[in-house]
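S.K.: Chain residues, written in single-letter form:
There are 6 protein chains.
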Amino acid sequence: MDQKTFDKGLEVRQAVLGKDYVENAMRNADDFNRPFQELVTEYCWGAVWGREELPRKTRSMLNLAMIGILNRPHELRTHIRGALRNGVTKEEIREVFMQLAIYAGVPAAVDSFRIAREVFAEDAKKA
Amino acid sequence: MDQKTFDKGLEVRQAVLGKDYVENAMRNADDFNRPFQELVTEYCWGAVWGREELPRKTRSMLNLAMIGILNRPHELRTHIRGALRNGVTKEEIREVFMQLAIYAGVPAAVDSFRIAREVFAEDAKKA
Amino acid sequence: MDQKTFDKGLEVRQAVLGKDYVENAMRNADDFNRPFQELVTEYCWGAVWGREELPRKTRSMLNLAMIGILNRPHELRTHIRGALRNGVTKEEIREVFMQLAIYAGVPAAVDSFRIAREVFAEDAKKA
Amino acid sequence: MDQKTFDKGLEVRQAVLGKDYVENAMRNADDFNRPFQELVTEYCWGAVWGREELPRKTRSMLNLAMIGILNRPHELRTHIRGALRNGVTKEEIREVFMQLAIYAGVPAAVDSFRIAREVFAEDAKKA
Amino acid sequence: MDQKTFDKGLEVRQAVLGKDYVENAMRNADDFNRPFQELVTEYCWGAVWGREELPRKTRSMLNLAMIGILNRPHELRTHIRGALRNGVTKEEIREVFMQLAIYAGVPAAVDSFRIAREVFAEDAKKA
Amino acid sequence: MDQKTFDKGLEVRQAVLGKDYVENAMRNADDFNRPFQELVTEYCWGAVWGREELPRKTRSMLNLAMIGILNRPHELRTHIRGALRNGVTKEEIREVFMQLAIYAGVPAAVDSFRIAREVFAEDAKKA
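Protein chains in written order, with our numbering: chain Z, 1 to 127; chain H, 1001 to 1127; chain X, 2001 to 2127; chain W, 3001 to 3127; chain R, 4001 to 4127; chain S, 5001 to 5127.
The following block holds chain Z by itself, in its conformation from the complex (with noise of 0.2 Å):
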């Protein structure tokens, strides 16, 4: 493991997902686990994201329709909450999966919206 780029990873993890999200996944890891936060939070957190070369908002908007397609509920609900942090209005977001629609078809953009509505709502509760 590479220190640096695994604080990095840490850091921008938590900027991206929440500081309370990430201390949870990392606090509840266990043998079965653990081997594997660590890479994502190295390699997916670290040596990608940390890279400089595109702003997080673009990041966001890009695992939006990548995740979308991949049709991972769990992890579309992680990244649109990541999106809005990352300045990601909920106007683009409706693009991003608008244009979804075309490219991947009707149904990953019916669940995707979906899973987004469910989302503003949950948080409009808290809000």
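Everything labelled a hint here was simulated from the structure, so no lab data went into it. Treat the hints with care, as some may be off.
Unchecked claim - To give an idea of the interface, some chain R residues facing chain W are shown, with a C-beta separation under 8 Å as derived from the structure:
1) L4017
2) I4102
3) Y4103
4) A4104
5) G4105
6) P4107
Just so it is clear, CB atoms sit at the ideal spot from N, CA and C, and this is done for glycine as well.
Fit chains H, X, W, R and S to the known structure of chain Z by using the hints.
M.R.: What follows is chains H, X, W, R and S alone, placed relative to chain Z:
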């Protein structure tokens, strides 16, 4: 927007998915997803489903196969009900899913059979 | 192996994909892929395509939609020819691929239309 | 149907997925899904799993990787339990899912790790 | 068809994919694929790409990520050129594909990098 | 970058894919894809393939199944050769692809068998 295609789409969508379902979707739309609801109604239901070159029953069977592969349980439930409305029999639904097992693999078919059985059981309770 | 199902499969496979194509596939099989060729003939063509509950024309249309999504150009070419043999018209193939555009996205349909046009052009040359 | 292959399939299926699970699936089958249950038992479990050329432990690891990509949570849960029954250790399950992260992407692995942890927790409670 | 949306679509499509490319696609259309060409122009390029809510540069980056996952090499080549036309730099294309490696897996990124390098080499030769 | 993990990755990558192949990939890298080549070497080959918890032979079989589903012919060819290098026999490759037929569908297996036969024929010619 082409009003004629939109109106055609609204009519077909209601005929296939049920009037209540569609009125609900339109009424609950907000600024976030209204442009998407309109896009789906006009293009998916008006410009494609509205074409006369294939019978709706055939379109429904195609949809069961496609949505079964695309792995979208919410949409699959909706289109199983749409298929029954379009005259697809339970026996024909079974045949579509058995063919799906061959071409898209057994797990796609296991999920599709389970979802269909849940839909049939729910509708039997309501009847 | 169930000989009756295998024989039924061989007959259906030849009727749909052409006698030459299937004899070629069987003759060229070696120890590496013979068990697979036999599995496909019995299971895919005998145990599923051999069922009478759906007309072959419908099965062919389902296959075009499924293989179009699954993104397998070789198989798509084979099954476009099979579809024509089963009485699916070019107009109906177009409708299947337009519906594919809506549900699986535009790129899946762009590829499917291009492949179908190549198949039509090759067969027109041979005729 | 080939009775010998079917019987072999039933035996292997019960050995891997548990006798209760399989008896339940067969008993609950109705006219709608019985032909599918029989197809799966004969071809998937008899004609493929029944082959001696790969140890069942290896087949289980392949299944975890494949079903993890195919994104079918119900089947993944079933085959995580099957893998444990076939002697795959938790450590080996972790390795399969870490390799999955590389080849199929981080979200596929996030979901697979979460599902495995849920299965382990449920089974620990029952024990 | 909505003439205004179609015209908008034709204009955007030409601006992004090149006038020659689009005129060619329209001129070569026959009865088989003309309805599809029109649907794509109106729906994909007019009704979605024609919306002002996202800059075209962002839409291009989303497309590279989506088409990279969807595994459609022809379309990817077309949209790599479109992305360059929309002001996406080679460095930004690299970043999109590195993020793709993390979320959709290394093989999707290997293919996307290879295709981009082929496109760059072809265009360098022509220049 | 963690030099030790990178060096481990380079060593494993060369052992599995061949020294020539990897030296070629590294030598031909330019500013566009070098960061990706380095990421793959460190992360895929060092941080995951470099782990001792699974034998390389098992990792190769998992890869054949995964890349077969992911539908990436270039990578599949590379990893069929890697599998042979890691001691997977042709008979075992056949078994992996027969299991793939069941879980991911017949077309995925048809393509995988064809590609494997092409690789075997090319290598027989060179020998």
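S.K.: Among all the numbered hints in the text so far, which are the ones the structure does not match?
M.R.: Failing hint: just 1.
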